[in-house]
Amino acid sequence: GEDVEQSLFLSVREGDSSVINCTYTDSSSTYLYWYKQEPGAGLQLLTYIFSNMDMKQDQRLTVLLNKKDKHLSLRIADTQTGDSAIYFCAERDRKLIFGQGTELSVKP
Amino acid sequence: ETGVTQTPRHLVMGMTNKKSLKCEQHLGHNAMYWYKQSAKKPLELMFVYNFKEQTENNSVPSRFSPECPNSSHLFLHLHTLQPEDSALYLCASSQDEDSYEQYFGPGTRLTVT
Chain A
23 GEDVEQSLFL
33 SVREGDSSVI
43 NCTYTDSSST
53 YLYWYKQEPG
63 AGLQLLTYIF
73 SNMDMKQDQR
83 LTVLLNKKDK
93 HLSLRIADTQ
103 TGDSAIYFCA
113 ERDRKLIFGQ
123 GTELSVKP
Chain B
6 ETGVTQTPRH
16 LVMGMTNKKS
26 LKCEQHLGHN
36 AMYWYKQSAK
46 KPLELMFVYN
56 FKEQTENNSV
66 PSRFSPECPN
76 SSHLFLHLHT
86 LQPEDSALYL
96 CASSQDEDSY
106 EQYFGPGTRL
116 TVT
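These protein sequences, in sequence, are chains A and B.
Numbering of the first sequence is given in my numbering, commencing with residue 23 and proceeding in unit increments.
Numbering of the second sequence is given in my numbering, commencing with residue 6 and proceeding in unit increments.
The following block holds chain B by itself, in its conformation from the complex:
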């Protein structure tokens, strides 16, 4: 596999469920990102990890919990979400967080019922 992959591609969950989104990059990069994309709104940066350390948390509610066990994998653990959390969640990676080029995965379409 090449590039940035995300699983699952689609997820429907109830407000009381717990689920996790997974991102994997095969590019040898050291920085990984979670973004939220809502319809007709700019992409919102959620979290940044650089060499497995979290360097940015953009005031994200605690019902979203990221985990970066190594430079190739990034997770987003979800619990007690709200319907307004329904969106496309995009993962990206770059050589490091100062690198000018980010590579994006295809995203996970999340629907909270």
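Okay, chain A solo, but in the shape it has when bound:
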């Protein structure tokens, strides 16, 4: 079946770059997403990439897609304490399939 895998934790220092990785199994995914969840809140769509793209940049966020390896990454440049949250990778063919989330901790 469809599966999305992420590492559970990432810790970085303020000002460094963060890279959150994700692998997925469904080769027919049309869109791949990154969502952010802050404590006590729902999921906020950060960015998405269409499956025929390799890269998408949006201010401090860079998404890289390696379709051959079914690998998606999210790079956050100049990470701030306000970036501390859980980040979910998701892929969509007919419906959204989420990973288990990566908890990003940013230390001052």
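Don't read these hints as lab results, they were simulated from the structure.
Mixed in with the good hints, there may be bad ones.
To be verified - Derived lysine-lysine pairs resembling DSSO-like cross-links, with alpha carbons at most 30 Å apart:
1) K41/B x K117/A
2) K90/A x K117/A
3) K92/A x K24/B
We have chain A already, so just place chain B on it with the hints.
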């Protein structure tokens, strides 16, 4: 109000109680979703409604009963729940079920005692 709202934000119920979760979207969308979020697990899609019709039931136990009276409102009726049903229940909406972007509410934190 804007976006997707959910009430209550927190709910504690016993296993013999009956309660309902409410979701409302102010985005003019036609599709609405219920998800279950348990700690350190992927979000699980429970139900999908498109133009008020249920289009997906992801093998959810019958103790969870959804209701979608119109495109703006979605309910999840709960009865005789189990402690393992304790989780964050998230509602989402999108323009329709084929739309690539879903908007999420803040969730209801449910504890079953």
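Evaluation of the provided hints:
1. This hinted pair checks out: K41/B and K117/A have alpha carbons roughly 15 Å apart, not beyond 30 Å.
2. With a CA separation close to 21 Å, the supplied pair K90/A and K117/A stays within the 30 Å bound.
3. Restraint check for K92/A and K24/B: not satisfied, since their Cα atoms lie roughly 42 Å apart, outside the 30 Å limit.
In this structure, only the earlier hint numbered 3 is contradicted, and the remaining ones agree with it.
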